[in-house]
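The chain contents come next:
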Amino acid sequence: MMKTRNNKAWFLVLPVVISVAFSAIIPLMTVINYSVQDIIGPDQKVFVGLDWFKEVLRDPDLHGAFLRQLLFTLVVLAIEIPLGILIALSMPARGWKASLSLVLIALPLLVPFNVVGTIWQIFGRADIGLGGHFLASLGIDYNYATNPLHAWLTVILMDVWHWTPLVALLCYAGLRSIPEGYYQAAKIDGARAWATFRFIQLPKLSGVLMIGLLLRFMDSFMIYTEPFVLTGGGPGNATTFLSIYLTKLAVGQFDLGPAAAFSLVYFLIIQVVSFVLFTLIQRNSNPTATKQGTP
Amino acid sequence: MKAALPQTSNVQTRRIRPPFRVGSVMLPLYFMLLLLPIYWMITMSLKTNEEILAGFSLWPQKLTFEHYHEIFTNRAWYSGYLNSLTYVGLNTVISLVIALPAAYAFSRYSFQGDKHLFFWLLTNRMAPPAVFLLPFFQLYQSVGLFDTHIGVALAHLLFNVPLSVWILEGFISGVPREIDETAYIDGYSFGRFFFRVFIPLIRNGIGVTAFFCFMFSWIELLLARTLTSVDAKPIAAVMTRTVSASGMDWGLLAAAGVLTIVPGALVIWFVRNYIAKGFAMGRV
Amino acid sequence: MARIELDGLAHAYRPNPQKPEDYALRPLTMTWQDGGAYALLGPSGCGKTTLLNIISGLLRPSHGRVLFDGRDVTDLPTEARNIAQVFQFPVIYDTMTVHDNLAFPLRNRRVPEPEVRVRVAHVAELLELTGDLKNRARGLSADLKQKISLGRGLVRKDVAAILFDEPLTVIDPHLKWQLRSKLKQIHFELKLSLIYVTHDQVEALTFADQVVLMEGGAVMQTGTPQALFEEPEHTFVGYFIGSPGMNLLPCSLESGNTDAVLLGTQTGAPRLPMDAHLLERVRGQGDLTVGIRPEFLGCSNTEEIGTSETRVLPAVIARVDDLGNYKLATAQLGGYTLMAKLSEDAQVQVGPGWLSFPAHQTKLYSSSRLVR
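So the protein sequences, as listed, match chains A, B and C. The first sequence: position 218 = 218 (my numbering), numbered continuously. The second sequence: position 272 = 272 (my numbering), numbered continuously. The third sequence: position 169 = 169 (my numbering), numbered continuously.
Please keep in mind that the hints were generated in silico from the structure rather than gathered at the bench. All values reported here derive from a predicted model rather than from experimental measurement. Even for Gly, the Cβ is constructed at its ideal location relative to N, Cα and C. Incorrect hints may have been included.
[As the list claims (entries may be wrong)] Facing chain B, from chain A, some residues (calculated, C-beta under 8 Å):
(1) S99
(2) L102
(3) P112
(4) W120
(5) F123
(6) I128
(7) Y142
(8) W161
(9) Y224
(10) L246
(11) F278
[To be verified] Computed list of lysine-lysine pairs in DSSO-like fashion (alpha-carbon distance at most 27 Å, straight line):
(12) K204(A) to K115(B)
(13) K341(C) to K327(C)
(14) K248(A) to K233(B)
(15) K157(C) to K187(A)
(16) K187(A) to K204(A)
(17) K182(C) to K187(A)
(18) K115(B) to K8(A)
(19) K187(A) to K134(C)
(20) K187(A) to K341(C)
Isolated chain A, as found in the complex (with noise of 0.2 Å):
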């Protein structure tokens, strides 16, 4: 579609523009700020330049904290996409089973990010809960506070539980969008089941699957207060990602200094993955998020 050229759109976009920067900037600037400077009393700062970034990057305790967080989020990825892809493949494309289908699925979409959390609590504790006590009388000695790999299994569980109906979501949504002529050219083409995921509704799908994993990517990379409210983070530091091992340091040992030079770390490789996913989006799908001017 032609775009009109014209500066005065700028209004309209401002109310947003004044928003987000208000949301976004202002702390980003204190960030900064503190990232370079060493607090010692309330009227004293030293300028320390990047003495922080240098001290954060060689601490072992985040390099953990990264290493955990990258395996989590290949993992939980490599399960959820695919899951979420054959989840979509498998819903009733219209009717009343669509809209029921729908409904069930969107709902662990809908529980706050502690109540996910609690939910397993009360589900995987082996005194109080179904699945602990179904895995206890299977002679499991399950106890996801004491055993780094039951914590590791069921913070991976219960993320696969909670973000997987997004991907199915997305697919489905990408599916119905397939004309129905395809699939009969198909037909006619003697193509059987796996032929015509392969060659028809696989690449229809690739523009909402990079979508789903550019949001799993950010959101999994950030993730916080399911497994924080799960595990705490423990035991010991076995399910210690990125985000509760930056708000340990903030909040917990009040090292603001260091805690701010790690958060724009953080920050930068977050935006630098999800700028290279997102690019790839921009360019196999929707001419109309790329904007040119008219001639």
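Once you've looked at the hints, dock chains B and C against the given chain A.
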């Protein structure tokens, strides 16, 4: 033009189905696993604390509503829900109101720096809340927005506005420009055109956007808890104080949890048609 | 190759159709010869796509049977039917090259790779796609995509018939004729049965050996383009075929008179002499129509004498349009407006004139059906 290949009849004995049906076993199985933890929480909310701690039972031996009663009568509890609903509602309305014109501008016009602005907006969706906790805290205290509903609503604009602009821009771009131009030729002023002609055309998109704003604001805990203390305390924060001298009040906690799911379930139910239609024609 | 028979075939969306209107496709029985080129012609909603989809197996009919070479295929799914279908909007597999697109139906059927290569090369040459084989299918022009769709049908050895559902809709006009002639060439060389659905009569009449004209779910007439033109069996056929269509004049019988019809009901309506045996057939019937094609209707300013071969009536020529290689005259006769197609050098002017009705081409319809 929307490509519409010749439709075969829907109403007849052999419909063409997308051939990849993983069997009708998969879906009900998935739903059961999905609902199991929620079922368990509901069960727990209806048990007495003694029963919970005493032994294990698949469903309440002695059905009780005492936890719900506590929540509905104790101001400390139900005010949490009201607070949450308030700031979420505020946030949804504000997000939509400011995102609509912006999305329209991004869709219809090109202007200085528009690409960069669009991307910058989206980067805010990618900001870890943990990064902003302390600065937000200090900022809001200094401007007097601490512990207010509007404060939390404004804070949540950080991630909801970019998302809204993104989604709405997609829907708006799906409406042909010719409609705008025809309206102008017919003598509509911009305001009248926007409200009487345009908005009805994108109401599915607005429904989808409102749903996502509600969702992401309702579930967010970190900022909401950091920026409030008493007056605007969200239910999530209230739930964290269920530890008492006699130990964790599981039943109460479960009841509170169940009640947090209810608004969400209602919202999905009401917008389910918008979502279905919106998905079919929108950005994705 | 297949002879296609339709036996009592009908389709209704509701379970218990009572009236003819309940049917999307009214009961019909017909045979389509092996190797014939058929056009299914008709306005939108007439049921031609429904019929096509029943033949291809994408739609299961509620009544009746479909037979290929005597074999009942009504319950067979599409992929078991040895047909190929080309749709209105080109369907190609974006992620594959042109070559792989063409190879797809063969590979799905586990044809050995050397044979795949041979057949793809052959079809590509036939469709003049050889140069594009290595390219990705995505991003090609619409006519190339349709060629690929067609190619996927041709590449299979077992294909009995190729069905087309308005395939030239998205093609640029100046490329349409190219594809049409390609289709004719294929039909000639490969001797396949081709069934072609369209609402464009020019396409149908130039493409097909036999035209099946449909309206409102029913087959109005089946025949060669010439037969539909010269002997329309239904007023709809007369109206739909031809540009402009047949002049249709409601008429009535004069009581006591058996050699003419009245064009109109008012007194003093023009009397058009007609063959007595025709009038004998319709004695007592009410809904009568005279039909004559503009191509056959004579028109001039000079008086002519009517004969038993050609009846002449005075009329007023209201306008004459010069359309390049022919002229179109519009005349008023007893309250009716008639059009006549004349040669480009015909000397006709606005004003009083004469219309001549050749007996052979002046048709009489009773309740819209041709009277012979």
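Here is how each hint holds up against the structure:
no.	hint	result
1	S99	holds (5 Å)
2	L102	holds (6 Å)
3	P112	holds (5 Å)
4	W120	holds (6 Å)
5	F123	holds (4 Å)
6	I128	holds (6 Å)
7	Y142	violated (14 Å)
8	W161	holds (7 Å)
9	Y224	holds (6 Å)
10	L246	holds (5 Å)
11	F278	holds (7 Å)
12	K204(A) to K115(B)	holds (26 Å)
13	K341(C) to K327(C)	holds (6 Å)
14	K248(A) to K233(B)	holds (22 Å)
15	K157(C) to K187(A)	holds (17 Å)
16	K187(A) to K204(A)	holds (17 Å)
17	K182(C) to K187(A)	holds (25 Å)
18	K115(B) to K8(A)	holds (16 Å)
19	K187(A) to K134(C)	holds (25 Å)
20	K187(A) to K341(C)	violated (48 Å)
Consistency note: the structure conflicts with the earlier hints numbered 7 and 20.
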